[in-house]
Amino acid sequence: MKRKREFAIDEIEVGHTFSPLVFLIDEELIARYVDTAGDRDPLHRDPSCARSAGYQGIVAPPTIAALYVLKAYRTDSVPPPGGVHLRQRFKFHHPIVAGDVLSVQASVVDKYVKKGRQFLVIESTARNQHGVRVVWSESTCFWPE
Amino acid sequence: MPAMLDAEQLGPIIRTVTRDTIADYEEILGIGNPLHLDEEYARETPFGGIIAHGMMSLAYVSEMMAQAFGRGWYEAGELDTTFVRAVRPGDTIITRGKITGQRRTSEQTHVVCEVYCENQMGERVLEATAQARAAGLVQGIPEIGA
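Quick mapping for you: the protein sequence lines, in order, are chains H and W. Residues 11 to 155 (my numbering) make up the first sequence, in order. Residues -7 to 138 (my numbering) make up the second sequence, in order.
Do not rely on the hints blindly, as some may be mistaken.
Claimed, not checked - Footprint (simulated), chain W over chain H, 3 or more residues, beta carbon under 8 Å:
hint, stretch
1, 38 to 47
2, 61 to 72
3, 75 to 84
4, 117 to 124
Just so you know, the hints here were simulated from the structure itself, not pulled from any lab data. Since the model is a prediction, treat every value here as computed from it, not as a measurement. We put the CB at the ideal spot given by N, CA and C, even for glycine.
For reference, chain H alone in the conformation it holds in the complex (with noise of 0.2 Å):
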């Protein structure tokens, strides 16, 4: 993977939007995701399974989500190594199913310096190829020192 560039704390303010997003979830991505949460629930593994229940295919767990909200703030540049993930929040509005193309906005909503740290809070939005709000995710982290 190419390394991209390192943003600084001071390029970054409230209101500042990242480039969106596109993120394929397929039956391999699902597939991988439950092998290392070691989850056998079949509605991950089995499309037969999955449409029996009503879905429109292989159900992935959604906290996949982490998968992608961290990279929807890292399509421009990146943050430098040694930040420290504090506080994650999500609201899961509809299943996300394999094939699945989720196009997520990244933004920075909050900045602050408390005990002499600085933090950072991005809040995230992802939306299915239908245009249907799947996710919304707020991630706190302090930046490292």
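With chain H fixed as given, assemble chain W onto it according to the hints.
Coordinates of chain W only, in the frame set by chain H:
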């Protein structure tokens, strides 16, 4: 709907984290943070060694919530997580929760659950409030403001 609904207890989901699962997770994340991959690098950080990405444990929380609430988790779930402590290779992570409240709207019931992951030492690594739509009111659980 799963039978678990009249019980307060969710889980447990018990999983052992290895250097390989930590590396696999970082690989699908595609960020390549050496803190999750490179022991020599990680040893020089305040963590003193490789740790798992905090988000990794969210998969266990999701599995537990999906077992209890199914579609009510996939399309009406909410999660507010604080990462409390690092997860290290060899840790066994136990994920549990309980339904602490419920909120009824005109057509739906949403439950509020207190959820945590702890390691084999009984130390909490993650704490969360999770919400999901439930099939109906859960017996013995207080209702929160209308």
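Status of each hint after checking the structure:
1. Only residues whose C-beta sits within less than 8 Å of a C-beta in chain W count toward coverage, and the stretch 38 to 47 of chain H has 7 of them, enough to reach three; the restraint holds.
2. Note: the stretch 61 to 72 of chain H has 4 residues with beta-carbon separation from chain W under 8 Å; the three-residue rule is met and the coverage holds.
3. For the stretch 75 to 84 of chain H, the proposed coverage by chain W is satisfied: 5 residues have a C-beta within less than 8 Å of a C-beta in that chain, meeting the threshold of three.
4. Beta-carbon proximity to chain W at under 8 Å applies to 0 residues in the stretch 117 to 124 of chain H; the threshold of 3 is not reached and the given coverage is violated.
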